[in-house]
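Given the structure of chain R, go ahead and fit chain Z onto it with the hints provided.
Line order of the protein sequences matches chains R and Z.
Just so we're aligned, residue 346 is where the first sequence starts under our numbering, counting upward by one.
Just so we're aligned, residue 346 is where the second sequence starts under our numbering, counting upward by one.
A few of these clues could be false.
Each computed BS3-like pair below joins lysine-lysine, with the alpha-carbon atoms no more than 27 Å apart [unchecked claim]:
(1) Z/LYS442 with R/LYS442
(2) R/LYS768 with Z/LYS442
(3) Z/LYS729 with R/LYS439
(4) Z/LYS354 with R/LYS465
(5) Z/LYS729 with R/LYS489
(6) R/LYS439 with Z/LYS741
(7) Z/LYS439 with R/LYS729
(8) R/LYS362 with Z/LYS442
(9) R/LYS631 with Z/LYS768
(10) R/LYS489 with Z/LYS465
(11) Z/LYS768 with R/LYS620
Read the hints as simulated data drawn from the structure, not as lab findings.
Number of protein chains: 2
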Amino acid sequence: MRVFVNPDKATWPDLLKRPTMDLEEIEQRVRPVIEKVKLEGDAALKQFTQEFDGVAIDEFQVSEAEFTEAETLVEADLKTAILTAKSNIEAFHKAQKQEELVVETMPGVKCYRRSVGIEKVGLYIPGGTAPLFSTVLMLAVPAKLAGCQEVVLCSPPNKEGKIHPAILYTAKAVGVTKVFKVGGAQAVAAFTFGTESIPQVNKIFGPGNQYVTAAKQLATRFGLAIDMPAGPSEVAVYANASANPSFVAADLLSQAEHGVDSQVVLVASSEEVVKNVQAEIESQLKALPRAEFAAKALANSVAVVLGEIEAIALLNEYGAEHLILSVDEPWNIANQIINAGSVFLGHLTPESAGDYASGTNHTLPTNGYAKMYSGVSLDSFVKKITYQEITPEGLKVLGPVVEKMAAAEQLEAHKNAVTLRLKSLNNV
Amino acid sequence: MRVFVNPDKATWPDLLKRPTMDLEEIEQRVRPVIEKVKLEGDAALKQFTQEFDGVAIDEFQVSEAEFTEAETLVEADLKTAILTAKSNIEAFHKAQKQEELVVETMPGVKCYRRSVGIEKVGLYIPGGTAPLFSTVLMLAVPAKLAGCQEVVLCSPPNKEGKIHPAILYTAKAVGVTKVFKVGGAQAVAAFTFGTESIPQVNKIFGPGNQYVTAAKQLATRFGLAIDMPAGPSEVAVYANASANPSFVAADLLSQAEHGVDSQVVLVASSEEVVKNVQAEIESQLKALPRAEFAAKALANSVAVVLGEIEAIALLNEYGAEHLILSVDEPWNIANQIINAGSVFLGHLTPESAGDYASGTNHTLPTNGYAKMYSGVSLDSFVKKITYQEITPEGLKVLGPVVEKMAAAEQLEAHKNAVTLRLKSLNNV
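Bound conformation, chain R alone (with noise of 0.2 Å):
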């Protein structure tokens, strides 16, 4: 880590800075990809995943026989740690639902607003060694409250051409049964045009390596949403004399772990601090099988010394994905964050409570994005509609004001409309 004390303010945003990504690049790589599946459906999705993943895939739709051996296959601890989880994050979701609205403006005009699932979502879930069945709570389970109608889920096969269990058996415990085994580039793809087996949709969701990501931002052009736009995880943890070094060394590592790109900011009351986190960084790195990872995302890291005050200005300067406030009294600190994703709480919230299970949602803003945009939630898979209703009372007081605004914009047909209706009401 790069240890900074009292760094002057103006030196923040170059202390700060994220690496920058280059999407452009991927982008020239990603974009046949997308056309090939775009012509040619299922058979370029057979043939980009025999090249990407290295197996032949035929039906890429999981069949209900698989579904049934990854339940044979998650152990038993497993699928009860699962099934907690998808309840907390229920219980916290679910108090999101926003009932409708209704507000009487003026005598006579009601005006309305609702929150309709988006018709058709698609989840994305990265393959690999490490199966992300946790992402597939944080994203089907708010899909599967909001209503959608529609709910696909893409992952990739591995060599034997299966999907990992544990990913099967989350998918079907919170009632995704649509898995598709396709990952990439050519997943995103699928669920932007549709292809013979996948159907299109209206939003994907969902976390990736580059290519994903750089596929989901040319989804963007093609007139899907996103989920958010993506950057590299991320923590920052305010520190004071209260913290415990071993709980903060073992919060930074958790998030260097993650890879090597991974950012990691400690802000320290003191030198000392620092110093006492490092040496725990130190020790617990050793017993990491992932240390090579987590030691060259340390070596970007940076470490700050500030008194507290610097510090919130600091940490709302960032905006960080995570902030974990290891403190005596978070909330002092907490009510005075106006720019983070998730914040953790005190000594005994470790990110990783988010991450898996306290019921939050671990799909969250990176890069400063904390800024303007909001984690995941229930709002992410709904959009509101508004609606407004006038009585023949209603339009009587309206209208006019209506008509003198719609003739100072020089829109006289929007005048008009008005002025029709005025006149039957005044002609019954």
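Only chain Z this time, still in chain R's reference frame:
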């Protein structure tokens, strides 16, 4: 209008096709403007304002004296109308405020969600002969209610170097006093990078011509958010035998007068209805100052005759920005609509009511984006931060769940962040 009677469902996508906007060429023209503003700040703004708006501006910020002058120039009736509209829009958007969410997902595991205003927002208001002061209300009212700390408005100056008094009056009435006389792509660039006089913002809102639209798209590549992807304005009207043809015609025309690329779709229960509406259009068109625009827009538009069930299916496939239900029992239809920006119920609710003053927002998803985007609302000006706080009791129950899941995802450091804390609790 092109009229289709009971068209086959397979032909709908073609019938309902919107004109495709190719922003790539425009982007190439906008890019140098953006780059120059990034490098040269106010100097570039001055040059472009001279070049594109034909006026030399020394001081971009609207002065107190100019606000005062504007106040004297707006006639009293219009002021009253604006304040009435403001009050309705405030009432509807204030009702969208969400209280802090607190859910104890398990004993000792508390999850929270709070809405926090986006710190800095930029509102773009087009200039030209028709001053869109209504858009000032639609953007500034929710920005203020959301608690955005910095609300900055840009609008192009006219040849006299002024912004239309109705825009200034409205801005001040809502409490927006940082108003700058800059328009076009250069205003968007100023929002994106900041200049000596115009602050950088986090999110850009507002309509504009193709240059503004392309510049907003480019702004997203520099890490800003925008309100939504843009497209030409559009209306769909569903009319059955109960509809008043002159009202329907007026509604179609009020959309068509926006410009030649406006989209107008009439869905009618019989050919009779279409014929009557067409006759009314002919007669009303003559009296309109913008008849030329409107006639061209109508030439591109379609009328489709369908039974009610099919009509609803078609309306959902189209996903109109504005949907007018000119029928006696509009909720019967409205309850089956899943894709629309804003719905206007019954014979006495013209689109212009919502455009100006009913209380709903008029910044709505076009181009089929109603399938996955909401219109602008209070939500657009906040991000929702989640929080979690775990007690010793909570961690004892939740901790093992997290450990199990983290181990199964092969993220040992994630597991360790919990394990260390659990150990410390057991050691107490």
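Hints and how they fare:
Of the supplied pair hints, the one linking Z/LYS442 and R/LYS442 holds, its CA atoms being roughly 13 Å apart against a limit of 27 Å. Simply put, R/LYS768 and Z/LYS442 have alpha-carbon atoms about 37 Å apart, too far for the 27 Å limit, and the pair is violated. Between Z/LYS729 and R/LYS439 the alpha-carbon distance is near 16 Å, which keeps this suggested pair within the 27 Å criterion. About 19 Å separates the Cα atoms of Z/LYS354 and R/LYS465, which keeps this hinted pair within 27 Å; it holds.
A threshold of 27 Å between alpha carbons decides the hint, and for Z/LYS729 with R/LYS489 the separation of about 21 Å falls inside it, so the pair holds. In summary, the hint linking R/LYS439 to Z/LYS741 is supported, as the alpha carbons are separated by about 25 Å, within the 27 Å threshold. Distance hint between Z/LYS439 and R/LYS729 is fulfilled; the C-alpha atoms sit about 16 Å from each other, no more than 27 Å. With a CA separation close to 34 Å, the supplied pair R/LYS362 and Z/LYS442 exceeds the 27 Å bound.
About 19 Å separates the Cα atoms of R/LYS631 and Z/LYS768, which keeps this hinted pair within 27 Å; it holds. Among the hinted pairs, R/LYS489 with Z/LYS465 is inconsistent with the structure: their alpha-carbon atoms are about 34 Å apart, more than 27 Å. Note on Z/LYS768 and R/LYS620: the hinted pairing holds, with a Cα-Cα distance of about 23 Å set against a maximum of 27 Å.
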